[in-house]
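Q: Protein chains in written order, with the numbering used here: chain A, 1 to 308; chain B, 1 to 387.
Keep in mind the hints are simulated off the structure, nothing from the lab.
Where a beta carbon is used, it is the ideal one built from N, C-alpha and C, also for glycine.
Check before you lean on any hint, since a few could be wrong.
What the hints assert, rightly or not - Calculated lysine-lysine pairs in the DSS-like style (CA-CA distance at most 25 Å, straight line):
#, chain 1, residue 1, chain 2, residue 2
1, B, 206, A, 210
2, B, 246, B, 305
3, A, 103, B, 380
4, B, 375, A, 107
5, A, 107, B, 246
Unchecked claim - For the chain A half of the interface with chain B, some residues (derived, Cβ under 10 Å), not all of them:
#, residue
6, 105
7, 175
8, 208
9, 209
10, 293
11, 294
12, 300
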Amino acid sequence: MEVGMARRKFAMQPEPQSRLLLTSVRGFVRSLVEDISNGRSPSIALERYRTYCSDPLGNCACSSDTPFAKDFISIDKHPQAAHRLAGLLRVLSIVQQLLQQNKHASKRDIFYMDPALFVDQAVVDHIISDICILLNCSRHHLNVVPVGKGLVMGWLRFKESGRTVSCIKNPNTDYPIPVCLEDVEDIVSVAQYILVVEKETVFQRLANDKFCDRNRCIVVTGRGYPDVPTRRFLRYLVEQLCLPVYCLVDSDPYGFDILTTYRFGSTQMAYDAKLMRVPEMRWLGVLPSDFEEFNLPDRCLLNLTPEG
Amino acid sequence: MEETQSDSDLIRSTLFYSDQRLCSADILSPAQARARIEVAVLNFLKTLSSPNPAVSDLHLINRRSENCGLRRGLLSDVSSVFLSHSFCRRSLMRANDAKAFVRVWKVMEMCFMILGEDKLVTQRELFYRLLSDSPQYFNSQEQVNSTVQDVVSLLRCTRHSLGLMASSRGTIIGRLILHDPGEESLDCTILGSAGHAISGDFNLLKNLAFQSDARYIIVVEKDAVFQRLSEDRLFNQLPSILITAKGYPDLATRFLLHRLSETFPSITIFALVDWNPAGLAILCTYKFGSISMGLESYRYACNVKWLGLREGDLHLIPESAFLEFKPRDHQISKSLLSSTFLPDSYKMELQTMVEAGRRAEIEALYCHGFDFLGKYIAGKIVQADYI
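Extracted from the complex, chain A is given alone in its bound form:
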């Protein structure tokens, strides 16, 4: 421990509940206040996680479950840390309100509560990730939930908050993927496999063509980059039903990136990856080798853009 700098580190908590979290929040703020009133500069230690390995030889012992570095926010060392700390405390106070009133809010809602302080949505996103690492919990434990984006259809039935959602009754209609996985239970299915598609257009084409009438499967889409509820729901389906999972993405870098997000997790939320990744997922297509196999005409092939 370095002289003149106090480090805040909380013990590992297996299943943080709202009350435990509220206690942690109060404890954290109390120790900050103690520091300031004793004339010490407050500082916080945050661990950094990674979902990829940068060792080219591949023989290493790194894992996404253990932190690979520590990030320190301390006011006397970095002047902009004061602003970062202010933002962190503001979000923490909002999260406290949410937990106390048992309400949910999105990251965007939080941004709007003080746009002058946060300036940009990305700042709020980083602060929330920092708080999750600090309190060793997942984002949904803070009652921060996104506006759901994912869709599911096919041979599936489950209960959401006690209400039965019977996708099998209308196998070609899309249903929104529940935002709070905690509300989902009783998954029942006789499907033979799960198909994940990148784009909403493809999903709608399958629905319009009544794909699930002829094929006993469950179709899921995240409509582009999948959000957290979609990834958690997919993981939950795989765990409960033990079905093979196939992924259909565009044959371009974005498609490949989306496939890796489903399969390995995102770098932004590396600390949560083990709850959301589906390593069993198989890459069905579109593979570059399919161009020849299916005789795709040349005009269907587009050039890679600079971004790609």
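Please build the complex by placing chain B on the supplied structure of chain A, with the hints as guidance.
A: Chain B in isolation, oriented as in the chain A frame:
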């Protein structure tokens, strides 16, 4: 278009003045729509193979503000924006128009094929199909959308008749039971806070039956606010239905809202939008329709009242939540101020917005607590504080 003396006499003497000048898109079956496309092709070939062969121009209804008018309802208080009989041309002979000309024919060809397969596609899928079919003519979704509107103006039929499904962006929740013939009825009070997704299929929406004891419908601009109000179950505290199109309203959401307002004439419809020109533009689209889709949009205009955010509410918003006007805000406010349909009370509010050069979002009210929004809405309705 110069009006002669006899023209203006005729106009003054007609009882249904605006209806005479209104240009409308017909709702057609797939066979009828295909027939119209065939007629367009045959006319083109006829001119091409005539003794004086020529490539005929395409005459499209002009979708600009100079060709639009405001139609006030005779028996109802609904006003709508309509397009009149002024034309613009697409010509192969003009250098920078040639590609647009070809695009119209390409889209007609693709729609002809889709209608023949008896399918419905979204505009997004149409874009992908056109991109792989003729990449040298199409390079963006906006281009495809505006070409589709060209085809609508040419053939005078609705977009849905061409086999194009509306985007299903809207959601609804609240004191409403939806009966889809052949399916089970859906009680919208027991849904999760995301609500029920509104279908993009007009045939389905047309056949829905409703049951409701709501007194109000609240149209919400943004999905996040909709979900906040759903989670708080506002529709149980205030007997109401909540509906959102998650931004600029799509035709399917407007169609459903229109059907609800016709089925339940005593329900009052309120809009909850941000304090910025875009929010007002969204309210006006629900209320009057839009010019860009003027041929079919007038059908779905509803008498929507502006509940909030308005000038009188600004004292509830903290200073830090106000943001500066962006160039886009100035653009939208200019176009709104110069439009024919904006009522005076709305104009005054917009002018206040522009003079201060500031805007605020509904979420700024959250600083008073997450449940403040529900109380704010109920208070305004009870005090009849809407225009």
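Q: Can you give the numbers of the hints that this structure goes against, from lowest to highest?
A: Going through the list in order, the structure violates hints 10 and 11 and respects the others.
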